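For reference, the chains in residue letters:
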Amino acid sequence: MSLVSYRDAVRSALRDEMLRDQRVILMGEDITGYGGSYAVTKGLVEEFGPKRVMETPIAEAGIVGFAVGAAMGGLIPVAELMTVNFALLALDQIVNSAAKCHYMFGGQWSVPLVVRTVSGFGQLGPTHSQTFEGWFASVPGLKVVMPATPADARGLLLAAIRDPDPVIFIEHSLLYSTKGELPEGEAADEEVPIGSAKVVRAGTDVTLVAYSRMLLQALQAAEELERSDGVSCEVVDLRTLRPVDYPTVVESVRRTHQLVLCGEDWRTGGFGASLLSELSDRCFDDLDAPIQRVASPDVPMAYSRQLERSLIPTSDEVVEVVRRLN
Amino acid sequence: MYRQLVLIRRFEEHAAEAYAQAKIGGFLHLYIGEEAVAVGAINAVRETDHLLTHYRDHGYALVRGCDPKACMAELFGREDGLCHGRGGSMHLAEAARHFWGGYAIVGSHIPIGAGMAYAMQYQERDEVVLDFFGDGATGNGIFHEGLSMAALWNLPVIFICENNLYGMGATLAEESPVSEMRIKAEGYTMPSIQCDGMDVLSVYEALGKAAEHCRSGKGPYFVEAMTYRFRGHSMADPELYRDKSEVQRWRVRDPIPSFGDWCVEHGVCSSQELAQINEEVEGEMLEAVAFAEQSPWPDPAEVGRWIYAKPIDPESPARSEGAGAAVPLTSDAGV
Ligand SMILES: Cc1ncc(C[n+]2csc(CCOP(=O)(O)OP(=O)(O)O)c2C)c(N)n1
Ligand SMILES: [Mg+2]
Numbered sequence: 000m001s002l003v004s005y006r007d008a009v010r011s012a013l014r015d016e017m018l019r020d021q022r023v024i025l026m027g028e029d030i031t032g033y034g035g036s037y038a039v040t041k042g043l044v045e046e047f048g049p050k051r052v053m054e055t056p057i058a059e060a061g062i063v064g065f066a067v068g069a070a071m072g073g074l075i076p077v078a079e080l081m082t083v084n085f086a087l088l089a090l091d092q093i094v095n096s097a098a099k100c101h102y103m104f105g106g107q108w109s110v111p112l113v114v115r116t117v118s119g120f121g122q123l124g125p126t127h128s129q130t131f132e133g134w135f136a137s138v139p140g141l142k143v144v145m146p147a148t149p150a151d152a153r154g155l156l157l158a159a160i161r162d163p164d165p166v167i168f169i170e171h172s173l174l175y176s177t178k179g180e181l182p183e184g185e186a187a188d189e190e191v192p193i194g195s196a197k198v199v200r201a202g203t204d205v206t207l208v209a210y211s212r213m214l215l216q217a218l219q220a221a222e223e224l225e226r227s228d229g230v231s232c233e234v235v236d237l238r239t240l241r242p243v244d245y246p247t248v249v250e251s252v253r254r255t256h257q258l259v260l261c262g263e264d265w266r267t268g269g270f271g272a273s274l275l276s277e278l279s280d281r282c283f284d285d286l287d288a289p290i291q292r293v294a295s296p297d298v299p300m301a302y303s304r305q306l307e308r309s310l311i312p313t314s315d316e317v318v319e320v321v322r323r324l325n
Numbered sequence: 000m001y002r003q004l005v006l007i008r009r010f011e012e013h014a015a016e017a018y019a020q021a022k023i024g025g026f027l028h029l030y031i032g033e034e035a036v037a038v039g040a041i042n043a044v045r046e047t048d049h050l051l052t053h054y055r056d057h058g059y060a061l062v063r064g065c066d067p068k069a070c071m072a073e074l075f076g077r078e079d080g081l082c083h084g085r086g087g088s089m090h091l092a093e094a095a096r097h098f099w100g101g102y103a104i105v106g107s108h109i110p111i112g113a114g115m116a117y118a119m120q121y122q123e124r125d126e127v128v129l130d131f132f133g134d135g136a137t138g139n140g141i142f143h144e145g146l147s148m149a150a151l152w153n154l155p156v157i158f159i160c161e162n163n164l165y166g167m168g169a170t171l172a173e174e175s176p177v178s179e180m181r182i183k184a185e186g187y188t189m190p191s192i193q194c195d196g197m198d199v200l201s202v203y204e205a206l207g208k209a210a211e212h213c214r215s216g217k218g219p220y221f222v223e224a225m226t227y228r229f230r231g232h233s234m235a236d237p238e239l240y241r242d243k244s245e246v247q248r249w250r251v252r253d254p255i256p257s258f259g260d261w262c263v264e265h266g267v268c269s270s271q272e273l274a275q276i277n278e279e280v281e282g283e284m285l286e287a288v289a290f291a292e293q294s295p296w297p298d299p300a301e302v303g304r305w306i307y308a309k310p311i312d313p314e315s316p317a318r319s320e321g322a323g324a325a326v327p328l329t330s331d332a333g334v
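Protein chains in written order, with numbering that gives the first Met the number 0: chain R, 0 to 325; chain L, 0 to 334.
Treat the hints as calculated values from the structure; they're not laboratory data.
The structure displayed is predicted, hence computed values, not measured ones.
Wrong hints could be hidden among the right ones.
[Stated by the list, open to error] To be clear about the criterion: a stretch of chain R counts as covered by chain L if any three or more of its residues have a C-beta under 8 Å from a C-beta of chain L, and this derived list gives those stretches:
(1) 92-100
(2) 137-143
(3) 181-195
[Unchecked claim] Which residues of chain R face chain L? A partial, calculated answer using Cβ under 10 Å:
(4) Glu59
(5) Val63
(6) Ala69
(7) Gly72
(8) Phe104
(9) Gly106
(10) Gln107
(11) Asp162
(12) Thr239
(13) Pro246
(14) Ala272
[Said to hold, decoys possible] Okay, the calculated bits of chain L under chain R, using three or more residues with CB under 8 Å as the criterion:
(15) 119-125
(16) 138-146
(17) 183-196
The C-beta atom is built at its ideal place from N, Cα and C for all residues, glycine as well.
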């Protein structure tokens, strides 16, 4: 089996779904000649033409509104919003149009739409280094996924495109070059079900819950803790942020009795805060210690490398938090 | 068309009465005075053409043939409502009639209409989209994004701006640098036409032209209907921003009696026949109100229904994948 990058895994899902279903179209800024700002859609306009790979004006709200209409008219649009920072301009269309149509019109039609966007950082400064998955995940009517591995990126994107509801698909800029195996043969067509978390490392002492880039940090921390402290961490990749697969986390905590939630979002009001609230209810009787969180401090992301490093949650921080527990 | 004008008027008068009796809650935006726009426009196009509107949406629903009983029941928040009480007055819709609903975030349905028109073009369906909104909506960025994309891709969508001279209470002079909204379409190279929104025939003619343009593949069209609402913005509006005398001046141009007179003058029907129509419609509206009142309340146990077309329940025992082996990963991500 060959190793495939996260970027290529996303592209392969887009391409295969476009080959499979004429209704699937892509739209976004600089996704044609430029190839996408993270080169995900490279080559697709050449293969499928500009009717199916649409270069759009820089109009995030318009793009999503347009995609909602195209979905209502019988297509399956996959809209790319260059980064989640710019997705803020489209929040109204995501929250008030995409997420509401099926409900407010009494189930008469659904909006099969995928919004792909990107979280991440890398000395991009305060406006370009944010992560807002918690905002999307708080909205009934949306499904929100945040894959960490190439296989999940592919499998979840297949599921998202085939799903009749609007799905927010958040990639991570620092994961694009990471590599992993993809299922081959018949399994290549298999979706990773939305709403299912996965235990990616078995352990007995502490449960680490993470998603997206923080999964890699959590796995690294788990290795380190095993090696230096003899602490055995179980690592759960949440994968879907709405709906959250709580049972998988709860089962794990039932075995380990300790829980650390790892995210990149801000401590106040971030997605981890909502996870913590629900899990403290569900796991109360199984917990030997209060649930811990690894999150970003409530500070805008600074540009300077040194300052940025001081703000980004890392595996070291996960290790520290676990050590404090034990 | 006369019947439809009266239908909207009487429907809304009954709705206003029910609102005053607290049988209808929330926002109720009346279309009274502007009826000629929906009637003229929708009659000028095919039943298969698509409609999207803002929240002042009762008129379009009724003209498109939605059952007044189901519309009234929706206003009453009942189970038999067009959207089973989930949407209310601002969100009527009936997909089977290609009436894709009222949208209450000002301007939000403008790119939605463009996107739907793209779907028609893509599937080579000979259907055009009518997208109705107010003058105030043209101040929002989303208006410009929608028009820009419609023009860029040459889409079969007709934008119909009902210029009723006010947003909620803001006057045109306060809300817009130009008093004619069609000027804003010019920048997007979109052809436009202005029509008298108090005159059903003027609107009919304008839309006929616009629809022909769109259907022949020439791209989007902008129609500005000059009109006026006789009632407040919504039932909550104390109307402090305008003079009663101004309203009176416009009421003289009430689209219903003037179209009635036209019909009689041109021998389309007699005044007795018009009176007969008025009476029949009044009877229907009494029935609609009675129906709405008797319709059951939606079951609160069902309040979560329709959040998703395909609900996913991670709590259900059938869910897949438990503990598994770690996924092989190599990272050059750093940090
Ligand atoms: C984005 C947004 N901002 C503000 C409002 C509140 N609001 C509702 S209707 C309205 C006025 C709209 O005026 P216009 O577009 O001219 O439509 P009209 O009601 O006159 O038909 C406002 C400000 C809203 N619903 N959505
Ligand atoms: Mg107005």
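At least three residues with a C-beta closer than 8 Å to a C-beta of chain L: is that true for the stretch 181-195 of chain R? holds (count 4)
Report holds or violated for the interface hint on Phe104/R, using the least CB-CB distance to chain L and a cut-off of 10 Å. holds (4 Å)
For the restraint on Thr239/R, tell me whether the closest CB of chain L is nearer than 10 Å. It holds, given that the least Cβ distance between Thr239/R and chain L is near 8 Å, below 10 Å.
May I ask you to test the interface hint for Asp162/R with respect to chain L, counting a Cβ-Cβ separation under 10 Å as satisfied? Status holds, d = 6 Å.
Interface hint status, Val63/R versus chain L (Cβ within 10 Å): holds (8 Å)
Please check whether Glu59/R passes as an interface residue: C-beta within 10 Å of a C-beta belonging to chain L. holds (9 Å)
Any CB of chain L closer than 10 Å to the CB of Gln107/R? OK, holds: Gln107/R within 10 Å of chain L, min 4 Å.
Taking beta carbons only, do three or more residues of the stretch 92-100 of chain R come closer than 8 Å to chain L? Satisfied; 4 residues make the cut.
Quick check: the stretch 119-125 of chain L, covered by chain R? Criterion 3+ residues, Cβ under 8 Å. With 3 residues in contact (Cβ-Cβ under 8 Å with chain R), the coverage given for the stretch 119-125 of chain L holds.
Taking 10 Å as the limit, does the beta-carbon of Pro246/R come near enough to a beta-carbon in chain L? With Cβ-Cβ at 6 Å, under 10 Å, it holds.
Quick one, is the Gly106/R hint okay against chain L at 10 Å, beta carbons? Holds. Min distance 4 Å.
Per the CB criterion, is Ala272/R less than 10 Å away from chain L? Nearest chain L Cβ about 20 Å off; hint violated.
Comparing the model with each numbered hint stated earlier shows that hints 14 and 17 do not hold.
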